[in-house]
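**Student:** Required output: the full structure, derived from the provided sequences and hints.
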Amino acid sequence: MEAILRAIEYHLPEHVLNNDQLAREFGWPVGKIEAKTGITERRLAGPEECASDLAVQAAQLLFRNGVAPKDVDYLLYCTQSPDYPLPTTACVIQHRLGIPTRAGAIDFNLGCSGYVYGLSLAKGLIESGQARNVLFLTGETYSKYLDPQDRGVRTLFGDGGSASWIVGQPATGTAAPALGPVVFGTDGAGAENLIVRKGGPRYGQRCTDRDSYLVMNGGDIFTFTLRAVPEAVRRLLEQAGLAREDVDRFVFHQANQFMLDALRQKIGIPPEKFIIDMSDCGNTGSNTIPIAFKRAVVAGKIQPGQRVMLVGFGVGYSWGALILRWE
Amino acid sequence: MEKRVASIIEKIRELQPNTLHGNELLSALNLDSLDIVTLIVEVDAAFGVTISPEQIATCARIDDLAVLIRNEKPPRTAAA
Numbered sequence: 001m002e003a004i005l006r007a008i009e010y011h012l013p014e015h016v017l018n019n020d021q022l023a024r025e026f027g028w029p030v031g032k033i034e035a036k037t038g039i040t041e042r043r044l045a046g047p048e049e050c051a052s053d054l055a056v057q058a059a060q061l062l063f064r065n066g067v068a069p070k071d072v073d074y075l076l077y078c079t080q081s082p083d084y085p086l087p088t089t090a091c092v093i094q095h096r097l098g099i100p101t102r103a104g105a106i107d108f109n110l111g112c113s114g115y116v117y118g119l120s121l122a123k124g125l126i127e128s129g130q131a132r133n134v135l136f137l138t139g140e141t142y143s144k145y146l147d148p149q150d151r152g153v154r155t156l157f158g159d160g161g162s163a164s165w166i167v168g169q170p171a172t173g174t175a176a177p178a179l180g181p182v183v184f185g186t187d188g189a190g191a192e193n194l195i196v197r198k199g200g201p202r203y204g205q206r207c208t209d210r211d212s213y214l215v216m217n218g219g220d221i222f223t224f225t226l227r228a229v230p231e232a233v234r235r236l237l238e239q240a241g242l243a244r245e246d247v248d249r250f251v252f253h254q255a256n257q258f259m260l261d262a263l264r265q266k267i268g269i270p271p272e273k274f275i276i277d278m279s280d281c282g283n284t285g286s287n288t289i290p291i292a293f294k295r296a297v298v299a300g301k302i303q304p305g306q307r308v309m310l311v312g313f314g315v316g317y318s319w320g321a322l323i324l325r326w327e
Numbered sequence: 001m002e003k004r005v006a007s008i009i010e011k012i013r014e015l016q017p018n019t020l021h022g023n024e025l026l027s028a029l030n031l032d033s034l035d036i037v038t039l040i041v042e043v044d045a046a047f048g049v050t051i052s053p054e055q056i057a058t059c060a061r062i063d064d065l066a067v068l069i070r071n072e073k074p075p076r077t078a079a080a
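Chains as they are written, first to last, in this note's numbering: chain A, 1 to 327; chain B, 1 to 80.
Be aware that a few hints might be false.
Derived CB-CB ranges, DEER-like [as the list claims (entries may be wrong)]:
no. : chain 1 : residue 1 : chain 2 : residue 2 : range
1   : A       : R96       : B       : R70       : 56 to 62 Å
2   : A       : G268      : B       : E72       : 17 to 23 Å
3   : B       : T19       : A       : E48       : 20 to 26 Å
4   : A       : E192      : B       : L25       : 54 to 60 Å
5   : A       : P270      : B       : L25       : 28 to 34 Å
6   : B       : R61       : A       : E48       : 52 to 58 Å
7   : A       : G124      : B       : M1        : 37 to 43 Å
8   : B       : R70       : A       : R227      : 15 to 21 Å
9   : B       : E72       : A       : Q239      : 50 to 56 Å
10  : A       : A189      : B       : R70       : 22 to 28 Å
11  : B       : A28       : A       : G305      : 55 to 61 Å
12  : A       : E25       : B       : N23       : 37 to 43 Å
13  : B       : T19       : A       : R24       : 43 to 49 Å
14  : A       : K70       : B       : K11       : 58 to 64 Å
Subject to a maximum C-alpha distance of 30 Å in a straight line, what follows is the list of computed DSS-like cross-link-like pairs (lysine-lysine) [unchecked claim]:
no. : chain 1 : residue 1 : chain 2 : residue 2
15  : A       : K301      : B       : K3
16  : A       : K36       : B       : K73
17  : B       : K3        : A       : K32
18  : B       : K11       : A       : K266
19  : A       : K70       : A       : K32
20  : B       : K11       : A       : K32
21  : A       : K32       : A       : K273
22  : A       : K273      : A       : K70
23  : A       : K32       : A       : K144
Pulled from the structure, derived: some chain B residues nowhere near chain A, Cβ distances all over 12 Å [stated by the list, open to error]:
no. : residue
24  : E10
25  : L25
26  : D35
Calculated from the structure, these hints are not laboratory results. Note that beta-carbon positions come from the ideal geometry of N, C-alpha and C, so glycine has one too.
**Tutor:** See below:
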């Protein structure tokens, strides 16, 4: 049995925060925000709207398009915006979606690398015979962690949810798997460079109100990214026995336009092979890859049979890269 | 290299070409966090060296930055 990514859906919340509003708040030229970030607007969850609500909406789109809740053997939910410290949000989602009680369900806490890790986990579950069909959800509401005065993060981040359907199919016996290979990377030395301190016990009573906000050291994140991502791409190509030219499309975590342009040029990827799609939704953490992927499929930029490289990188630091064949 | 580094900073700070000569204090140029990010990316693109904000903070002047980049740059292999 080999795992294959069969379908993707996503959902964005209704409320829009555009550059005009931010420019008025911060006294920045509208053009400068778009020029640096590549983002014109972000979609933000409502006060009582959770990341799981967005992920559930995305899953319901899958269920309206041929996937049945009864067929889910395992639910993976990637989030850094859980409904509660406990119970596991995936358990709550299982009940909301009417997924059989015989299914497994877990949360895992990753941000921008989460989509690659989730596909890898799904592949492991399917190809080891533990599950036949995996529903993999991502959901983030970073907007709830943002300091209203911090223009650096408010211009970047938006909220969203995604749902991916990964199934087992008889192995074709061809050399290239439908999902994989994959390479990983982790460096907790960068933990403090993208962090929300409040909510966990590590800082305990020392936390101030400001510690409930996301802190991002942008320069350090750029340095990490420029060092780690090209090397991950090189390792993945080597592991897959491929040249860069053998990959038809590249879908990286949609961090911001500036970072993506820098990475594309450094790695040497032609612009026509490099998917950038976040201008109307911003950096939505673990959702960016499935959103950009789905839109590229709908737009005909990713065609059946094409080999696509996904690369996630960010908070942790954590990174991962994977090659899949889109069917 | 000193001239190229000065040129990168002129571009970031939207200064006229040849305004900077290398002996200027980086602290006097008022580089904000977005400027630092841009500097990291431009240096990486120009010299193939990825420097960090901490490394930049150790440089008092533009010329110190050029020395840092030179020291970080892997030695060129001899042509065959």
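**Student:** Confirm or reject each hint.
**Tutor:** To see whether the hints hold, each was checked on the structure:
1. R96/A / R70/B: 56 to 62 Å: Since R96/A and R70/B have Cβ atoms about 59 Å apart, the given range 56 to 62 Å holds.
2. G268/A / E72/B: 17 to 23 Å: Holds: the Cβ-Cβ distance is about 21 Å, inside 17 to 23 Å.
3. T19/B / E48/A: 20 to 26 Å: At roughly 53 Å between Cβ atoms, E48/A and T19/B fall outside 20 to 26 Å, so the hint is violated.
4. E192/A / L25/B: 54 to 60 Å: violated (28 Å)
5. P270/A / L25/B: 28 to 34 Å: violated (41 Å)
6. R61/B / E48/A: 52 to 58 Å: Distance hint for R61/B, E48/A holds at roughly 53 Å.
7. G124/A / M1/B: 37 to 43 Å: violated (48 Å)
8. R70/B / R227/A: 15 to 21 Å: holds (19 Å)
9. E72/B / Q239/A: 50 to 56 Å: Check failed, 28 Å falls outside 50 to 56 Å.
10. A189/A / R70/B: 22 to 28 Å: holds (26 Å)
11. A28/B / G305/A: 55 to 61 Å: holds (57 Å)
12. E25/A / N23/B: 37 to 43 Å: holds (39 Å)
13. T19/B / R24/A: 43 to 49 Å: violated (32 Å)
14. K70/A / K11/B: 58 to 64 Å: Taking Cβ atoms as reference, K70/A and K11/B lie about 59 Å apart, which means the hint holds.
15. K301/A / K3/B: With a Cα-Cα distance of about 42 Å, the restraint between K301/A and K3/B is violated, given a limit of 30 Å.
16. K36/A / K73/B: This hinted pair holds, its Cα atoms lying about 27 Å apart.
17. K3/B / K32/A: Since the Cα atoms of K3/B and K32/A sit roughly 27 Å apart, the hinted pair holds (cutoff 30 Å).
18. K11/B / K266/A: Holds, at about 20 Å.
19. K70/A / K32/A: violated (49 Å)
20. K11/B / K32/A: Holds: K11/B and K32/A sit about 15 Å apart, inside 30 Å.
21. K32/A / K273/A: Answer holds: K32/A to K273/A is near 26 Å, not above 30 Å.
22. K273/A / K70/A: violated (37 Å)
23. K32/A / K144/A: Within the cut-off at roughly 24 Å; holds.
24. E10: Per Cβ check, E10/B is outside 12 Å of chain A; nearest 18 Å; holds.
25. L25: The assertion about L25/B holds, with a minimum of 19 Å to chain A.
26. D35: violated (10 Å)
In this structure, the earlier hints numbered 3, 4, 5, 7, 9, 13, 15, 19, 22, 26 are contradicted, and the remaining ones agree with it.
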